[in-house]
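*Asks:* Chain by chain, the residues run as shown.
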Amino acid sequence: MASRLDLDLDLDLDVFIGPFDLLLSIVLREEISLLEVELGEIVAMYVTKLEEEGELELEVATEFLVLVAALLELKSRLMLPGAEEDLTDMEPAEAVEELVSRMLEYRRYRDAGRALKEHFESQRGYLYRSAPLPPELRRIEVETAEQVYEPEQLAAALGDLLEPPPRPDLSHMRATVSLRRRLSVVRSVLMNKPVFDFDDQFGSEDRMTQAVTIFALLDLYKKGEAVWEQTESCGPITVRRVQSGQNGLAKTA
Amino acid sequence: MTELSPLARRIESLLFLSNQPVTELALAEACEVELAEAEQAIAELEADLAPGRRGLILRRVGGGLALASDPESEAAARRLLSRPRTPPLTQAQAETLAIVAYLQPVARPEIARIRGVSSESAVNSLSERGLIEEAGRSRFGAAIYRTSPLFEKVFGLDGLDALPDPSRFDPTPEDEREIRERLLAAGEQRAEA
Amino acid sequence: MTELSPLARRIESLLFLSNQPVTELALAEACEVELAEAEQAIAELEADLAPGRRGLILRRVGGGLALASDPESEAAARRLLSRPRTPPLTQAQAETLAIVAYLQPVARPEIARIRGVSSESAVNSLSERGLIEEAGRSRFGAAIYRTSPLFEKVFGLDGLDALPDPSRFDPTPEDEREIRERLLAAGEQRAEA
Numbered sequence: 001m002a003s004r005l006d007l008d009l010d011l012d013l014d015v016f017i018g019p020f021d022l023l024l025s026i027v028l029r030e031e032i033s034l035l036e037v038e039l040g041e042i043v044a045m046y047v048t049k050l051e052e053e054g055e056l057e058l059e060v061a062t063e064f065l066v067l068v069a070a071l072l073e074l075k076s077r078l079m080l081p082g083a084e085e086d087l088t089d090m091e092p093a094e095a096v097e098e099l100v101s102r103m104l105e106y107r108r109y110r111d112a113g114r115a116l117k118e119h120f121e122s123q124r125g126y127l128y129r130s131a132p133l134p135p136e137l138r139r140i141e142v143e144t145a146e147q148v149y150e151p152e153q154l155a156a157a158l159g160d161l162l163e164p165p166p167r168p169d170l171s172h173m174r175a176t177v178s179l180r181r182r183l184s185v186v187r188s189v190l191m192n193k194p195v196f197d198f199d200d201q202f203g204s205e206d207r208m209t210q211a212v213t214i215f216a217l218l219d220l221y222k223k224g225e226a227v228w229e230q231t232e233s234c235g236p237i238t239v240r241r242v243q244s245g246q247n248g249l250a251k252t253a
Numbered sequence: 001m002t003e004l005s006p007l008a009r010r011i012e013s014l015l016f017l018s019n020q021p022v023t024e025l026a027l028a029e030a031c032e033v034e035l036a037e038a039e040q041a042i043a044e045l046e047a048d049l050a051p052g053r054r055g056l057i058l059r060r061v062g063g064g065l066a067l068a069s070d071p072e073s074e075a076a077a078r079r080l081l082s083r084p085r086t087p088p089l090t091q092a093q094a095e096t097l098a099i100v101a102y103l104q105p106v107a108r109p110e111i112a113r114i115r116g117v118s119s120e121s122a123v124n125s126l127s128e129r130g131l132i133e134e135a136g137r138s139r140f141g142a143a144i145y146r147t148s149p150l151f152e153k154v155f156g157l158d159g160l161d162a163l164p165d166p167s168r169f170d171p172t173p174e175d176e177r178e179i180r181e182r183l184l185a186a187g188e189q190r191a192e193a
Numbered sequence: 001m002t003e004l005s006p007l008a009r010r011i012e013s014l015l016f017l018s019n020q021p022v023t024e025l026a027l028a029e030a031c032e033v034e035l036a037e038a039e040q041a042i043a044e045l046e047a048d049l050a051p052g053r054r055g056l057i058l059r060r061v062g063g064g065l066a067l068a069s070d071p072e073s074e075a076a077a078r079r080l081l082s083r084p085r086t087p088p089l090t091q092a093q094a095e096t097l098a099i100v101a102y103l104q105p106v107a108r109p110e111i112a113r114i115r116g117v118s119s120e121s122a123v124n125s126l127s128e129r130g131l132i133e134e135a136g137r138s139r140f141g142a143a144i145y146r147t148s149p150l151f152e153k154v155f156g157l158d159g160l161d162a163l164p165d166p167s168r169f170d171p172t173p174e175d176e177r178e179i180r181e182r183l184l185a186a187g188e189q190r191a192e193a
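Chains as they are written, first to last, in this note's numbering: chain G, 1 to 253; chain S, 1 to 193; chain E, 1 to 193.
Derived from the structure by calculation, the hints contain no laboratory data.
Here are the simulated DMTMM-like cross-link-like pairs (lysine to aspartate or glutamate), alpha carbons at most 20 Å apart as the crow flies:
#	chain 1	residue 1	chain 2	residue 2
1	S	Lys-153	G	Glu-150
2	S	Lys-153	S	Glu-133
3	G	Lys-117	E	Asp-161
4	S	Lys-153	G	Glu-143
5	G	Lys-117	E	Asp-165
6	G	Lys-117	G	Glu-105
7	G	Lys-117	E	Glu-128
8	S	Lys-153	G	Glu-152
9	G	Lys-117	E	Asp-170
Everything numeric in this text was worked out from a predicted model, so none of it was measured.
Work out the full structure: start from the sequences and follow the hints.
*Replies:* Written out as structure tokens, the structure is:
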């Protein structure tokens, strides 16, 4: 199997300017300490290059990444206090061995993956059935069935159903007051009393009813059926019927 | 040993993979052949999969063709595959089952009226589990249900008379008709609420 | 046209009903016959359902027997069932699957170490496709993976022993020498240039 490590990547780093594979061998020969190399920058440059070329050959990319990962691992070992003894003495040849074994291991699974992928293709045509069991097989057989439920459960369930549900609690809901109904109330009052005092007539109603009654009065005023006046702020309101055909003027405070 | 024609083989494959009956037309279209050609292959397959010849049988059901297992294998299939489940009854299932048990035969709309909610899913699962079964249709075409012999076995009941007396949930002893009326009245209130 | 023996018919029924591969022993027990007797009927069925004879094929996968449709019907089946073709494995998925298949049980960081990249997305998509599954946690809390029964089924493998011999993928000494040389020589050549 041909090895494809033609990584044409030109780097422009603080510590190094030149091709990636040169950097690799320099690092391996310990001419530059890995500690000085920004591996993240290398990856970023590599990705940029791939983008510029518009081709992402995964196979090459993965090999590159395996390399960078191995470098990262070496670097992280260098950065760990105490681990240094292991590596300061590490000969370039040893570092190469480390990388080589990592790349060989990866290559084994890459090739196994390819074989699996091919195998997967060859098997895709076989389709299997997936259907639920027929209903008769999903059921217990009468002959072998044993008691699993308590009959009391049924009596209790029926008892629950016999109980009428509690009346829903409506206390949180306001009774609605209809404008139309208030209009007819005010009209019928005006029929009997052409002039009346609002408080005398509606003072005992709740606030909502009183408010809607005011709306009803506004409506009657607009229609020209009634006028009303309040001579002082918060004082009594006098409501007066307007004879049909007569245009009244309301005096409001 | 005989071999099936390529088209009959293909149709056998399709019926094997489909969970639903398949019409002859759909088979012809999937195989990209004329209907008449498909019909001929189906006839070949039908003869080959006649009852008693193989483990599979070709059946015409629900306007289409379907493969089914030989009914003679049912006992073996039960031993191999069936793990009948008896999970606890949900509240909806218990209520529905109680209505059917005490009031049977009872029509599906009546169950819904008593419970105050549509009871379709509970009825279906009780039916699928074999605890209730259809006992005909009402005048208006609604399914009428009763409990099954399996129901009595799994509740350990020696006949329906052995159902516990529901009257202790009610201060006044009443006959079944009155219970039914009370249930319906309570159900209507539930439906309104 | 041939008829199958009653036992072979029964076994065909059971395989039709089961969604999972069934072992010969389970088939024998379900049919209440001796293993040897079942094996004989299975051999009969296997000959009858050999590739190219019918729409169904008897396969040994996942440590058991299963019926599958003839691959020649695949296109027609996809037209009928409007099932899209399962997507092929990506290279990342294939590599990850190979690592899990050969090293299982294997922890997620080990997969990442071998591939040199975080393999989260490949692991997740293989999990989603049901080809691998979690088999617990390592001492350090990393998820441990193994292949699923579905893996064996869709790869048509009769157990993990049926995976190709991993030594097949051992890099040759030439590969090794080449990598080693390239690692050092490439730089040296450039340094000289």
